[in-house]
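In order, the protein sequences belong to chains A and B. First residue of the first sequence: 17, per our numbering; consecutive thereafter. First residue of the second sequence: 55, per our numbering; consecutive thereafter.
Hints may contain errors.
Said to hold, decoys possible - These stretches of chain A come out as covered by chain B in the derived footprint (C-beta under 8 Å, 3 or more residues): (1) 155-165; (2) 261-270.
To be verified - If the Cβ cut is set under 7 Å, some of the chain A residues that face chain B in the computed set are: (3) 241; (4) 352; (5) 396.
Treat the hints as calculated values from the structure; they're not laboratory data. From a predicted model like this one, the values you see are computed outputs, not experimental measurements. Where a beta carbon is used, it is the ideal one built from N, C-alpha and C, also for glycine.
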Amino acid sequence: MTAERIAMILGTAAIVVPGLMVVGLGLATLLGRKLSERAVSLTSRAVIVLGLICTLGAAVALAVSGKPEVAFDGGALVSYARGHGPDAERFRFGIKFIFDRLSVPVMLLSYVLCGVISAFAGHYLHRESGFVRFFFLLAIFLLGMIVSVAAGTIETLFAGWELVGLSSALLVAFYHERTGPVLNGQRIWTIYRFADAAFLLGAVALHHMTGEGDFDRMVGYGAWPAGVATVTSSQALFAGTFLLIAAAGKSALVPFSGWLPRAMEGPTPSSAVFYGALSVHLGAYLLLRISPLIEASTPLAILVTSLGAITAVYAAVARRTQTDIKSQLCFASLTQVGIIVAEIGLGLRYLALAHLIGHACLRTLQFLRAPSAISDAVAAENAIGERSLPSTHSRGGLLPAAVQRFLYRFSLERGFLDTLLNRFVAGPFVALFRFFDRAERKWTEALAGAGRRESDASRPSFESHEYLP
Amino acid sequence: MTAPFPVDAELHLGRSDALIARERVALHDGSESPERAAAARDARREELKRAIEHAAHYLPSQGPIGVFIHHNTLHAFEHLPFHGGVEEGARVYGCEPYLPERRYREFLASGRIDPEEVEEILDRELRGSAEEVVATLVPRRDLRSAMLLRPLYGGTDKELRWFVAESDALIRFRDDVEPSLRSRLVDRTRRWAMRSLASDGAVADASDVKASRALREQIEQFTRRYGSDAESWSGPTWNAFALQAVWRACREGVHGAPHAPTTSHRMIRHRDLLHEATGVNADQPVGELLIRFCGAFLDQGVAAWHPPAREEGFLASFIATYGSAGVLCEAWRKPLAKVLRRWKREGLTSLDAVQESLDDLGVMPHERDDFLRATALALRGWAGMVVQVEQRHSEVARPIPPGSFEEYLAVRLLLDRLSLAYFARRELGYDGPLADLNATLRKKIGKPRHATVEQRAFVVFQLAQVFGWSAEQLAGLSRSEWFELLDEIESFGGVERRRLLHTAYEEQYFRKTLDAIGEPTLKRQADRARNHPRPSFQAVFCIDEREESFRRRLEETTPACETFGAAGFFCVPIYYRGAGDADFSALCPAVMKPKHWVTEDVVPRLQQDFARRRKARRLFGQATRSVSSNSHNLFLGAVLSAGFGWIAALPLTTRVLFPRLTARLRQHASVLIRHPNETFLHLERGDCSPDAHPPGLGFQPSEMADIVERMLRDMGLVRNFARLVLFVGHGAGSVNNPHQSAYNCGACGGGRGGPNARSFAAMANDPRVRETLRSRGVTIPDDTQFVGGFHDTTADSVEFSDVDQLPAEHQSEFAEAERRFARVSQLNAQERCRRFVSAPLDLTPEEALVHVENRAEDLSQVRPEAGHATNAVTFVGRRARTRGLYMDRRCFLTSYDPAIDDDNATIVGRILGAVVPVCAGINLEYYFSFVDPYGYGCATKLPHNVSGFLGVMDGAASDLRTGLPWQMVEIHEPMRSIFIVETTEASIRKVMIRDENVRRAIENEWIRFVLLHPQTGALTHYQAGEFVLHRKSGRVLETFKTSYHVFRGQRDHLDYALIASGLLPEEFGAWSPAPETQHAGARS
């Protein structure tokens, strides 16, 4: 067997393994089997170790083979062609994974971080009622992450992307008995759907241009990072803009940044893995994957760079007034994600990749240690030997007072981004649909002659019914 | 979308007619001079100020979380009797007074609650009226006891209809109906039915006509369904027939019965009514804004920027932040900037602003106090923190000006108005003045819904089965009898039932405890102890119930030793600064304010080394901090994370996967920068006054003598001193835990008691102190040496200090004692581990110690230890009264010898003065955090998020969560602490007259108070003003060889037991051997 083949097999195994865990945990829960904490932790540990070994093996085999990339082609779900020759209309919808210098390191990163998180969560969530649910969602997340990282076609990436989004939103709403987490989970879900729609449009556009969604076909020739796009500059700008919106939603770039601090509702390890480490970098990863497209279009590159830079500056300013540890960390995280995106726009692909990996490790550690904030501050004070407060320089230093005040307000209200989206996007949208609802009600009532909807009369009841009042 | 928002002018002028009329009256009263008007205004302002202070009293009094002090969550209700207090508290806070009824039923099923005790309590409470027969059917006691002991189900109207129609509720009897009763009921129904079939119209009165018509209908229905005629129906058919007849009779009976006036949830704020009417929560946007601003305003050093004009107070800062025009903001608060600017222009004080809002909202004077309280409680965590930071301005890093709470309330009320106006308009199209909003909303809500016929009938239906009331019987009841029955059932409501069940729940443990303390063996032991030989060593621990097991195991392994319990600051209240600390912290109970400062310094010989290390540590500290803060920055963060971020993977994986190993490594590495271990305390002061700086540090010898004398007398150690007396303070070390301080010593104000023990030992060793003591009648032999130590209750390690100063002839003895302590650490860890589900039950002592050490260092561990969970008893008396008793780490043990107290009960008075608030505070905080983990506690730790170094929020933005997290209280049993005090009634009466707090706690029964007579050993407990003799149940305590034999293989709460090896031996030589083999607790 050649090294190339081994790399392909091991790489594919690394994708299958978390899939098995999802199926296993999911089936057991569906069939109503009560899983013990021990069983769940052991399974997840085994799966992650196995996956990690496979990925490492694939990395070694890939290095030995000397090839820049190895692909696993799962064949086409849909394949369609009409006519012959260069004018033929082709359409192919395929499953394909590629293992190259981009995907393998990020797969390794995903496995290491998910492994640490699941070891952490095994203790942290001990005796929590949602224990199995958490691990099930974590398995879905890991699967989604690995699938989207290794994806060789845009539709495969989309599948993984969706799994990541779904599990993230559900984990934000992990404590579904309180209103806050549910409202915030829903908000995140909404923004994700918006980004997904952009993603789909971008994918359709790419399909339209090249007939299929394979990255290597789209890129033309050369493995990452050396790929060169085959599409024209304007085509790249068109499809790339959609994909940039998708990435912006997923990575909480401006103007979608408002959801990031709201995502800190779940247990600490989920905040760590999603918003410190993996989830928030997924948008940047998508941009890395399509970096040949960005290179092909200078306007697109400028767009990416400036969006990244704006986000970085925005997050750096917004962080200044965050008074809770997790929000501090999440804006710190966002600052770096912005810079990574800017680096991608500038074409610094290796730097962006190294930055992404380093940042994910660092931030995960900081997130997991977030509850230590108070004792860390005391320890630092003791070490330095005085009761020193962190520098409390006033807002913006030398700027005029009015500007300082504005900056403060800007930072405190997180750049008014939520207000902006609420008032100018969500508000009109809801108003429009309320209008439709009213219209529908009118004509159904007119048709029915009279009466109201049955659902109007009944209200949800919140009392406990078990015993007498 | 919606029409333009009402402008500020309308909002301000929008007053109710009633108010305007009232003002007009005031204006036209005429005769008042301007001075008198001004005086009246001042008086009104003063009154409002008082009302606001009063409202603040109800807020949580938990301060910044770095120092966690346990206190009664319902401190504001301590003037009421316990049950009244918890019920009133539950009403005010919207929380639960007791556990859910479901839990009590589980306890009934498991035997944790005795049904007999329930009946006894019922009898006691009903007194004479227990035997009164309700509606000719059943004595009141039986009815209530059935309602307590049998689960009666209820439900919504629709749910019940479904249940009756679709389930077998009308086909089969409840499982808990006795067969004889069941067959009698069926039999009577059958006879009634057959009789009715046979007779034709020869009936007496109208109700009979109705009943028999219904019966016939039912017979026909059954005949249709089951074919054959009634005579040949099978048993099950008759069962179903009887049940349906009863159901019909119940429905018929409750029809039209009057309803008791509902005392459901009172809606005080406009927001409550709006929520009820529309389902919209007007507090939500207000909360979001306030949480963010309060966080910024109160922040103690997390954020880099602080709000403008922070020094000028809450209101000024709020105006400076939100008063600017032309900034994009959420629709509901568009008018905010304008109002704020008007306030600023008019120079409104916060009281005026509150008054303006009250007027605008149409709050009547008689509603004002309740309204202000409810408003303050709407975001109680943050509001409470405003009060706390305001009051503790000398303790916090960044104080806020006084009056901040009033200003908070002013802002809150304004935001409430804006939000209400916005939502009333959006949801209801309401444009009128807010003062009239309530009336509109009330109209919309309509009358409260009463229980429906089905709901009421279903209860009677279930009781009818339990008691075997037949349909004929029920149909025969008159209207007034029906009403009586319903009234009787409905007046015995859920809270009332839970109160009774809770009382029974407490009662069982109370009885067991008193039985155990009354055990004759212990009495004999105490009598014998008066003249026992010199012990090999004496060890003094904190009264903390976590030390109970440590002391017990120590006595088991070294029968010749003696242990004592005293509040863990050992009468040494100090501000202390360790060699490695930046600042002083108070080590004493929260109610005290130290007058002395003590610092730790490295011995002169190592000063140079110390200075070097301190420099290194400082550099390291600065580096760490700048890395961690710069990693959040734009540019340096980029460099750090891109260049070196991957290095973080190393600590990330090792700390999570191998916590103990990593901790060891870190500890070894830290030797380079930690201060040397050889240190001394600046404990002695010259003639100057106490101060935080050198000549003022420490105590004068006379002060030391007072402290030592008081401590020794308090715990009754005034004679028979051993050669070694070890004082062991305690604290807890855990990582990644915002509530860390809550695990520390309560008597040291949430600090670690090591320095207090060390200081005490040094004082007691001072020859001048001993000289003074001798002159006062306490003679400490010259060969007695005191040593201070520290017990880490999480990792179960014990360390002693100043050991090098022990005379040579004590060294080997001390080494032996230290060995015993080390062994007991392992044994204690083993006993603790039985409570951790994640620790296997068969751990050896050695493995158990490793396990607890891991817990202390594990970042992912949310239960580093159990804390005070399961605490239930406080014992004040001689150890000989409890020695050898297995108390399962549930008892605070305070040493006190009544024999050396004076006639005035001085000693017991001062002990109780300290112990009652501390132990009851701990106990009640655990009680409430367990009973309502969301309302009173801070629920699960997992989503907690440290905010402003002040406290924790749930997730991204929530109210500041006070109380204890669920992980801390999870294994607790919510019961009031049982105080058992070895003294006489006469003495305690004197104390109660002197000490208001103690009297209130006893009389209002926030603690269960029991007296143990020092001579006779009789137990009397306080009940409604008098002390009632406890009758022993006659149960004999089980005896086990060692503690290990009691707890091995057990996870849950254990009963009291006697430990043979723990009892005071009849006679002992010095250092009788530690029977090591029987304690091994090896896997067997």
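A quick look at each hint next to the structure:
Under a criterion of three residues with beta carbons nearer than 8 Å to beta carbons of chain B, the stated coverage of the region 155-165 of chain A fails, only 0 such residues being counted. Counting residues of the region 261-270 of chain A whose beta-carbon sits less than 8 Å from any beta-carbon of chain B gives 0, not enough to reach three: the coverage restraint is violated. Given the 7 Å rule on beta carbons, the hint for residue 241 of chain A is violated: about 16 Å separates it from the nearest Cβ of chain B. With 7 Å as the threshold, the beta carbon of residue 352 of chain A comes within range of chain B, its nearest partner Cβ sitting at about 6 Å, so the hint holds.
Interface hint status for residue 396 of chain A: upheld, as the beta-carbon distance to the closest one in chain B is roughly 5 Å, under 7 Å.
Taken one by one, the earlier hints fail for this structure at numbers 1, 2 and 3, listed in ascending order.
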